[in-house]
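A.B. asks: Chain residues, written in single-letter form:
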Amino acid sequence: MMNAAFRDFVPHNKELGLTIIAATVVPPTVTLKLPFDERLIGNPFTGVIHGGAVTTLLDAACGASVYVKLQEPTPIATLDLRIDFLGRAPARREITAIAECIHATADVAFVRAKAFVDDESKPFALAAATFALSTQGRALTDKEMRNVEPTRGGSQ
Amino acid sequence: MSQLDKALGGDVDGGKTALELAQIPYLKMLGMRLEERDGRRVGVMAFAEHLVGNPTIPALHGGTLGGLLESIAHFELMAQRDEKQKLPKTITLTIDYLRSGKPRDTFAVARVVKAGRRVATLHATAFQEDEAQPIATAVVVLKVG
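In order, the protein sequence lines correspond to chains Z and E.
According to the numbering used here, the first sequence is numbered sequentially starting from 902.
According to the numbering used here, the second sequence is numbered sequentially starting from 57.
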């Protein structure tokens, strides 16, 4: 269900093949994977994925963790997002991101995230993000949640 | 000479690398091209449905704006350093999302704030109708050399 709303309702998440592979409520975390795809290469000489795809992955993971924290379908918008690239992403590999919503007030949610390939303890990118809550746009209705395409697995 | 070679400021010895930059798969997917307008390099991200992050507004995905801002910073630094052979590496990228990106073409420009020997700091801006009303800005710290 979560993947349906997350991926099939968000065209750019679907375009990149982002999939939720795990989520916890306490603490509010979401784990996403970004499959390797030739179309995402940023440096044709090295085969390393473009930073923009990593930014999309981390932004999406951060946003999803806010939904888990809030436990209700509230429209949110990224206010700011900082990414530290500790190293380059290994070439031609699937990337995983874990995000945790650390705190939420009535208006703003605070998130930390990291991206890695094999070893969670050795991330190649760290992120800090804040989200505005109850922004313009609207939450998905129950009907929309039901009507999106079935997920391809890995659903929570 | 390709549009990108031109935008990057002239011929490239061997004529290879800048041309190959135009072949960056991610930028193709993003629909981004580089143009020269009023003597400035401008990144243009052509709108496409698959760039949408919130279909209820609809608004562009924040990640697409991040990719656009990071890329225009790379190109601006390469042009100013007369470095066409090597893409810079991003150290940090800090994006402020100011307005929702509408379903239309988005433009981006970057300015080198400080170019040091090893590290350069750039400010990048993304806008749609009006450059004075940016939809997102970014500080991009790049490793050079």
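Treat the hints with care, since some could be wrong.
[Said to hold, decoys possible] Here are the simulated EDC-like cross-link-like pairs (lysine to aspartate or glutamate), alpha carbons at most 20 angstroms apart as the crow flies: (1) E:LYS145 with Z:GLU1001; (2) E:LYS158 with E:ASP186; (3) Z:LYS915 with E:GLU105.
Please keep in mind that the hints were generated in silico from the structure rather than gathered at the bench.
A.B. asks: Now look at each hint and say whether the structure bears it out.
C.D. replies: Status of the hints after comparison with the structure:
1. E:LYS145 with Z:GLU1001: Violated. LYS145 (chain E) to GLU1001 (chain Z) sits at ~27 angstroms, over the 20 angstroms cutoff.
2. E:LYS158 with E:ASP186: 12 angstroms, holds
3. Z:LYS915 with E:GLU105: 11 angstroms, holds
Of the numbered hints stated above, the single one contradicted by the structure is hint 1.
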